[in-house]
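Asker: Here are the chains, one letter per residue:
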Amino acid sequence: MMEGLPMLIEARGISKQFGGVDVLSDVDLDLHAGEIHALLGENGAGKSTFAKILAGIHRPTRGKLRLNGQPVDVSSPIAAQKLGIALIHQEPISFPDLSVAENIVMGRQAGGLLSRVPWAKIIADARRYLDMLGVSLDVTRPMRGLSIANQQMVEIARSLASDSKLIIMDEPTAPLTPREVDTLFNIARRLREEGRTIIFISHRLEEVRMLCDRVTIFRDGAHIATQTIDSISDDEIIKLMIGRTLKKYMRKHMAAIGETALEVSNLSLPGAFEDVSFTLRRGEIIGLGGLVGAGRTDVARALFGVAPAASGQISIGGVGATINKPSEAIELGLSFVPEDRAGHGIFSTLSVEHNLTAAIPNLIAPSGFISRKREHGISSQAVDDLSIRLASLRQPIVELSGGNQQKAILARWLLTEPKILILDEPTRGIDIGVKAEFYDMIGDLAEAGRAILLISSELPELLSLCDRILVMSEGRITAEFPRETATQESIMQAAVPRTGMAA
Amino acid sequence: MTLLRSIFLRREAGILVMIVIFCAVVGLYKPQFLTGQSLRIVLLLTPLIMIGAMAQMLVLIARHVDLSIGSMLGFSAMVVGLMYREYPDIYWLLGFPVAILTGAVLGLGNGLLVTLFRLPSIIVTLGTLSLYRGLTFIISDARQINRSVIPTELKVMSRTSPIFDVPWIILIAFAIALMTFVIARHTQLGRQTYALGSNPEAAPLRGIDVTKVTLIVFTLAGALSGLAGILYASRWGFVNPSNTGAGFEFQVIAAVVIGGVSINGGVGTVMGTVLGVLLLGCVAAALPLLGIPGSTQNAIYGAVILIALLIDRSVRQRGAISMSRTTS
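So the protein sequences, as listed, match chains A and B. Counting in my numbering, the first sequence runs from 1 upward without gaps. Counting in my numbering, the second sequence runs from 1001 upward without gaps.
Check before you lean on any hint, since a few could be wrong.
[Stated by the list, open to error] Partial pick of chain B residues on the chain A-facing surface, computed with a CB cut under 7 Å:
1. I1090
2. A1142
3. H1186
4. N1199
5. G1266
[To be verified] Computed beta-carbon distance windows for the label pairs:
6. B/A1024 - A/D182: 41 to 47 Å
7. A/D182 - B/L1126: 50 to 56 Å
8. A/W119 - B/T1160: 34 to 40 Å
9. B/I1307 - A/S387: 33 to 39 Å
10. B/L1309 - A/G368: 32 to 38 Å
11. B/A1246 - A/W119: 39 to 45 Å
12. A/G368 - B/S1130: 51 to 57 Å
13. B/A1246 - A/G377: 50 to 56 Å
14. A/E399 - B/P1293: 22 to 28 Å
15. A/S115 - B/T1160: 36 to 42 Å
16. B/I1163 - A/D163: 49 to 55 Å
These are calculated hints, taken from the structure and not from any lab test. Each residue gets a CB set at the ideal place from its N, CA and C atoms; glycine is no exception.
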């Protein structure tokens, strides 16, 4: 049925490198006018990079784009807008202090800086576009305070205002309620009837089936397959999404598993996770798998008291515990190495030394004043233990490579002698060599009798390191596999949301 | 939400209420405060601050700050004063374009430093605050421009009036406020300034030439400071290298912040700023009447800023709570 439709976009050999790393390699993709096209792939498969290249936010390292048969150069977001390409981010970009109407027309007005702002026309146009979408919003109110769903509607109105032929929606449904998703889908279908093309990036196969005509699957920056949605099953899609063969890392020793360290039962935080229960023993590594946004990090943050759960019990070493803030968690022997290194992990302007000792004030300052000698001794010992590569303990931590920064943060928490260690994507953005070192280190920690909860989106990492793997999807634990029976396919099956509804 | 409440929740209404309460309280002790004469005093105290506040408002809306406007005022006033001294026969009105251009060049300097080197404006203008002040000393040999040098026509502008007995200097200040209103509200430049301050990361994605807008805003701030410089010479009849414009930036930022302009950019109106200036003017006019010495004026200004911000915050929080109650 697609063959009759004219071609809107032809992408040929699109490649993109960031800092010498290939994020996209030689992607070819054709988009028909008037289709809704799903773009699927694991985290980091290159979907968003491809979308940003189409929208002029990134420039491809190599490759050519044709629009309606003509070669085009999408050199900037404004160039994309003029060509009729609009990208709608998951968290829409806006000017919160400006009115809804201005946000719809911003960037489209003609005339010099001193030309008049045609308020009446702006307001009338904005009303018209929102009416076309069936959205009733006061266009003179400021953007600040609008719900995410309404902000998305404003973005879609923006794309109508610039008469976009291609509208890219990057995981638009993640923050929406089911009813808002319905509205969005109805609008998307209407836009398709008008002959516009939509790229729909999502993890939710159910939604893709409801909405899309064709699917394209990306993996590790490469285009793997494009098929009509009716000609491919969910299982095939999942297989294509993961289907890589990675050399397997094997944990050297399995630790002896001891008594219960952490027991969690019926932990819930509305909007983040529901009814999470598991038991973690000393010497055990439990993997927490799932897609980004499944609620894994929220569970970790709840355990560490950053954003405590609303209900449920936590017991540590067999004793019931209340954890309402991180200091209480640390007191109970928990440590949490967060995923967002730059945002939550490091004190970027401070030295490596100060970063290492940040969690143990009592050890370096037994008398209330910091003992430089103790601080130096403790931190140089830690650097040796984890073989952190650096020029000097005094150098700012941001000068270290990503892997060594991550080691330093791990070292900081190990210095607190934690009994329970929560690692959130500890090897993200680290090169392969350092990864293996990390795996050894995590294995050693378990062997030393620590209980480890490892959050990871990398399936091979979970499979090779963990004694057991729990999979979360939409805030719930959907599966548990012992190490022996877990496979990439079975984890992915449990991770992909099936309900089409937000948690 | 009723229209009345939406008006009440606006920052401007809050300042107006503060002005009324302040005047009523002062009037209770000193009834002569509530006469036309003191309105005149208030207005005469404010034109320079009004012009500086318009400049600062645009800069703050763009999520920058200009600490150097007092020094730009001083330097421009000095350039004009020197011109009158060296060329006594020059046509007096020529002082206006000279002062405005001088200020514009200094402002452009700030803008270039901010945009070319991507330096934070608070640091750049802290530097030029000293630099421009130092240059004022150098070009003047650290000597004051005396009363006899300033053309009589210029000095008279602060007292004489074309209409309704309102002196020229006040008319000019309100004309500048009107001009700023038009720029802020009705030109692409103004809307792009709000957009830039509201979300600097998104601005280039939406086709805003960030460098151009930033340069224009700083240059405009300089030009308005230059205008304030020549009006200083008119109002006070002298130009002193160390006093002229010193501390001006403080009064101006006080007025602008009281007027509801956010230091986080993107927020602020001319009406709010005008009211902020008038509130400060009322305070300044009331102090001598109440027998409070001028030496405590800065402390009082500081207190007024803090009180105004605290009142505003608590009013808004209450407003937000009651609003969320009515909508949910």
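Asker: Now tell me, hint by hint, if it's right for this structure.
Answerer: Each hint, compared with the structure:
no. : hint                         : result
1   : I1090                        : violated, 31 Å
2   : A1142                        : violated, 40 Å
3   : H1186                        : holds, 5 Å
4   : N1199                        : holds, 5 Å
5   : G1266                        : holds, 4 Å
6   : B/A1024 - A/D182: 41 to 47 Å : violated, 57 Å
7   : A/D182 - B/L1126: 50 to 56 Å : holds, 55 Å
8   : A/W119 - B/T1160: 34 to 40 Å : holds, 39 Å
9   : B/I1307 - A/S387: 33 to 39 Å : violated, 58 Å
10  : B/L1309 - A/G368: 32 to 38 Å : holds, 37 Å
11  : B/A1246 - A/W119: 39 to 45 Å : holds, 41 Å
12  : A/G368 - B/S1130: 51 to 57 Å : violated, 40 Å
13  : B/A1246 - A/G377: 50 to 56 Å : holds, 53 Å
14  : A/E399 - B/P1293: 22 to 28 Å : violated, 55 Å
15  : A/S115 - B/T1160: 36 to 42 Å : holds, 37 Å
16  : B/I1163 - A/D163: 49 to 55 Å : holds, 51 Å
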